[in-house]
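Asks: Chains as they are written, first to last, in full-length UniProt numbering: chain A, 1 to 334; chain L, 1 to 334; chain P, 1 to 334; chain G, 1 to 334.
Note that these hints are calculated values from the structure, not bench results.
There could be a bad hint or two in this list.
[Said to hold, decoys possible] Calculated lysine-lysine pairs in the DSSO-like style (CA-CA distance at most 30 Å, straight line):
| hint | chain 1 | residue 1 | chain 2 | residue 2 |
| --- | --- | --- | --- | --- |
| 1 | G | K170 | P | K320 |
| 2 | P | K100 | L | K3 |
| 3 | A | K16 | G | K3 |
| 4 | A | K170 | L | K253 |
| 5 | G | K170 | G | K334 |
| 6 | L | K2 | P | K320 |
| 7 | P | K264 | P | K334 |
| 8 | G | K136 | G | K333 |
| 9 | L | K3 | A | K264 |
| 10 | L | K333 | L | K136 |
[To be verified] So these bits of chain L aren't anywhere near chain A, every CB distance computed over 10 Å:
| hint | residue |
| --- | --- |
| 11 | L83 |
| 12 | V207 |
| 13 | T252 |
[What the hints assert, rightly or not] Covered, in the sense of this in silico footprint (three residues per stretch, anywhere, with C-beta under 8 Å from a C-beta of chain A), are these stretches of chain L:
| hint | region |
| --- | --- |
| 14 | 60 to 66 |
| 15 | 145 to 151 |
| 16 | 226 to 240 |
Glycine included, C-beta positions come from ideal geometry on N, C-alpha and C.
There are 4 protein chains.
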Amino acid sequence: MKKVTFGVVGIGMMGKMHLTNLVRNPYAEMLAVCARTESKVKAVQEEFHIPLGYTNVADMVANPDIDAIVVATGADAHKEACLAACHANKHVFCEKPLAKTLEDCAEIEQAAAENTGKFFTVGFMRRFDPSYADAKQKIRAGVIGTPIAFKGVSLDPASVLPGHLEGVKKGIYVPWFIEMGSHDADLARWFLEGEPVESYATGDAYVCTELADYNDYDNGFSLTKFDNNTTAFIQVGRTATCSHVESEIVGTKGTIRVNSVPRKNYVSSFTEAGYVEECQESFLARWRDAFEAEMNDFVDCVRTGHKPEATAHDGTMGLKFCLQLHQAYLDGKK
Amino acid sequence: MKKVTFGVVGIGMMGKMHLTNLVRNPYAEMLAVCARTESKVKAVQEEFHIPLGYTNVADMVANPDIDAIVVATGADAHKEACLAACHANKHVFCEKPLAKTLEDCAEIEQAAAENTGKFFTVGFMRRFDPSYADAKQKIRAGVIGTPIAFKGVSLDPASVLPGHLEGVKKGIYVPWFIEMGSHDADLARWFLEGEPVESYATGDAYVCTELADYNDYDNGFSLTKFDNNTTAFIQVGRTATCSHVESEIVGTKGTIRVNSVPRKNYVSSFTEAGYVEECQESFLARWRDAFEAEMNDFVDCVRTGHKPEATAHDGTMGLKFCLQLHQAYLDGKK
Amino acid sequence: MKKVTFGVVGIGMMGKMHLTNLVRNPYAEMLAVCARTESKVKAVQEEFHIPLGYTNVADMVANPDIDAIVVATGADAHKEACLAACHANKHVFCEKPLAKTLEDCAEIEQAAAENTGKFFTVGFMRRFDPSYADAKQKIRAGVIGTPIAFKGVSLDPASVLPGHLEGVKKGIYVPWFIEMGSHDADLARWFLEGEPVESYATGDAYVCTELADYNDYDNGFSLTKFDNNTTAFIQVGRTATCSHVESEIVGTKGTIRVNSVPRKNYVSSFTEAGYVEECQESFLARWRDAFEAEMNDFVDCVRTGHKPEATAHDGTMGLKFCLQLHQAYLDGKK
Amino acid sequence: MKKVTFGVVGIGMMGKMHLTNLVRNPYAEMLAVCARTESKVKAVQEEFHIPLGYTNVADMVANPDIDAIVVATGADAHKEACLAACHANKHVFCEKPLAKTLEDCAEIEQAAAENTGKFFTVGFMRRFDPSYADAKQKIRAGVIGTPIAFKGVSLDPASVLPGHLEGVKKGIYVPWFIEMGSHDADLARWFLEGEPVESYATGDAYVCTELADYNDYDNGFSLTKFDNNTTAFIQVGRTATCSHVESEIVGTKGTIRVNSVPRKNYVSSFTEAGYVEECQESFLARWRDAFEAEMNDFVDCVRTGHKPEATAHDGTMGLKFCLQLHQAYLDGKK
């Protein structure tokens, strides 16, 4: 069996997670990593037993032994890596968001379209989460009739707020409807099978008031009309008591919820406080299975020729939706 | 102990429920009922052992032995009964909605204001539901910090849809954001302690398409900005699998939910379908305790001089909010 | 309509609750109360507007205007009141436990059997709780196949322990497998439709060690084989964090649970502690509907001639089961 | 970094799972596998890239390059492999049950004791399940006071019954209190920190009556007194609607539950049936994380010299407890 050979660009938290999952996959071979700082590249090579290291994307994609590239850099560097990988005729997996501007997205989409015979997919890992996959399957099976609304809530715990603020100040983070909202934007499009037309949004920097100086906020609420007469309610926040991502799909004959109570594990307690279930603390723990399934799916697609579901176009349209939500928020603040 | 003496106008489902609760209250005395049809009045008098029967509100309120009037007629007749009762210097409990137009509300509010020394309250029974009362108390105690958003979902089961349609055709029912939304409108104002400024709404007559001919719908979604920088998401529907009224109050330090899973009772089953809990079928069963607590509170207010919480002004502002939601829906359909 | 006329013996917590429910019932008429202390009788008569008061059971049952007697005295006085009521040819409702000894039970059973044309029922109110009634109905409908085991847990909160200890010292309370276990004993017999054969029990006075001096305990665990090859696990305790009565019926094709999470109401919170639901604090709040339904059923039986389900024999067999559990506990301690 | 080198004996479902987890562990190196059938050994070597293959345990343990042996054969072959590995001075991980007789357990325990400087652990993987580990940690932290009872329920879905019966007929499976009960036996000892003294048990072959011919059953219920005055209720079954392993630890100040509702994932639905959560179907899916954590822990122990928690003695005492439960069941049937 010929394994699919991989090169990963970017070795931060996301890059390492993806290469860990590739190392675990019996059909994949981690051949190369690439990052700007040589010492870091060497350290990762050693830790994960990866034969090749690069400090330049162009060099890595030039290696004909590499079948597929995983782009896991910061969003600012996505375009360069994606274009290089497409031009070198590699399969590409790019972390979300595809890019920070619609113009960059368009360039990537075009490069992907011209990269004949190769796949390009964007890392909307929630679609691969066993629960979301199950929800989608149930909906396809008609369990709730026709979907008429998607309600998505994505909350980070307040504990991450100081770090978020730092990131916002440094320009690393885009506003919250774009950063966090990107996941719900994709889920809404995926479940409703339509495109957003018009949005209305509210919210504010209630707790971390300094965010307002950056046109950012710690809680945002939005309602969006879709072109197929459906609705998306998307709420994002970063002042919650836990990491809480909850979704609901309202259909004409029933309703499906995902993670309505974000239980940390199977433990519940009866104490003086009452009946207590501890909640999810960490985004990585919640989505570990989803990230692994997503990468396994990409390996399978390359191996079997099955087309990945989330395309570069989904990356573009997801960003477009997020920008619309953020603009609606800004319009509401006027 | 002098009991509070009551006259009830209207002996339909709501009127009978209120008088049943008054009969149970040891501090209240059901003295009189009033309705247009004499035979029905007599039947109710006999069934509930009520000494006096009237077919005319003016006659009933003229009886000096009656301390308080409960107005439980159709909404169209609220104004006449409320004005008569206020002019006769009675305490008044009026079912929601206070009236169908803001003009009628204004007249009632003025009459209530001029009815010196007497109380006027509107039947927003959800405030008296043990769970909502508990939620409000927890919020007052600071459990979730400062409320920043209210999310209210009020759904009727699809089984009631044919009857609803009939009511809409006959002009008995007002559109759903006004009819059903009135409860969430009041809860939003109660929990957020602000007034609605601007609304955006979507939805459609997805299942019962005939509703569209009456500018009505079976599912509506709305987002409203409040004057204190808070937000209300209100969803109303009548295509659900059960009677489902769920609310969430998002605060800066926590979140409270009411009835997230609308369990019918304490039973759960493990069957082939999985883990199953049957859901609430009936609006009356869900709110029985709330209706009784609401009437008991009114009796207590009259007895002790404690002012009822929900005023005629709440009735007016609640209707105003609902009309705004419905208008936003119509605007969105253009 | 001729109402059913009632006399209530005993005006403590249980007596008052029953007469309150009778006052609410439109088909019942509270005619008389009876208790030893005249002043207390008078006070209750006044509070509930009851025309007749007695300080002697014999006098009350001699009144031909009374159709039915509710016995709500302490268990020690049950026999006298039941025998008198039976001999006077009244319908009888007796609080559980029927009596404190099997000998007394036998006398009562015989008197009830000889009281031709009249009903005798014992107050196993859990059978009338909407959730237990629903569970029984589901089982009858075959939802879980054939029941093979009953698991009953009945726990009082630790807060009541000091009062319990006082009651034990004064000889008012019987040991916990008999006092609290009586409910689960009845449920086990009701759901399993068999009789207990052999029991094994463990436990101790873990928290309130003083209870051991009275052959009592604060936590007891038992397993009982039934004559139809089914099993009952019964756990009783009084050191819990809330009032927690939970039952499970295991069938050949499924399982039904009642009150697995003893939620106080419909409120849930997300706070620093996690997902929290407050639990039931009070036995009276939990069973309010059951007590009312039980008395309403008795009124209906007398009115319509429908035989009450729980008979004097159930009272006897329930006590016998409890005594067996307690003896098993004592045997295990040797 | 020197990796810990592993040889795995047995390449059935359990052996493959363990070696998959070892392959994933960056501190472990899968050096050798051993099984009777050479072709199967070769296939596994190829699939998992394992350099060495053996068809004889003695040969494998003679290899001085191997640090640790994982015994994952059928229970009948445990003793031979364990003794060989101990005599060859290897660290040993043995699947549960340690052996099928107390005599074999004793021999293994002795060999383990004489295997100076090396660890011997038994695969009680539930202890490593994140939820059980969390429960244990909470109990150690005093969240529920002192444990006084363990309640364990371990149920297989009825769908596995035909296969079970086959296994019983062929003598592969031991009776259910021993086979399935072994997990709860260990949990009870682990949580209660005592040893079983006396057991009482009931149950029957209710659904698969043929099991009775083999002194086996499809549902068993047991109550066991421990030497530290605590209690274990253990229920095993194989007629459930799902794979359901639930535990409860009752303490003097609170109660902890694990997996009370065996949710398959985070999805819940509102359909005509009510509120539905699908349940766990597969034992492997439920315990995947536990098996991985267990093997990771063993690797860590060997690397760091930290002693594994579950010892050969735990294996012996667990079996002893199970045999006692099964005997109590047989005694009850007489």
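Asks: State for each hint whether it applies.
Replies: Results of checking the hints against the structure:
no.: 1; hint: K170/G to K320/P; verdict: violated, 45 Å
no.: 2; hint: K100/P to K3/L; verdict: violated, 43 Å
no.: 3; hint: K16/A to K3/G; verdict: holds, 21 Å
no.: 4; hint: K170/A to K253/L; verdict: holds, 26 Å
no.: 5; hint: K170/G to K334/G; verdict: holds, 25 Å
no.: 6; hint: K2/L to K320/P; verdict: violated, 50 Å
no.: 7; hint: K264/P to K334/P; verdict: violated, 40 Å
no.: 8; hint: K136/G to K333/G; verdict: violated, 35 Å
no.: 9; hint: K3/L to K264/A; verdict: violated, 54 Å
no.: 10; hint: K333/L to K136/L; verdict: violated, 35 Å
no.: 11; hint: L83; verdict: holds, 38 Å
no.: 12; hint: V207; verdict: violated, 5 Å
no.: 13; hint: T252; verdict: violated, 5 Å
no.: 14; hint: 60 to 66; verdict: violated (count 0)
no.: 15; hint: 145 to 151; verdict: holds (count 3)
no.: 16; hint: 226 to 240; verdict: holds (count 7)
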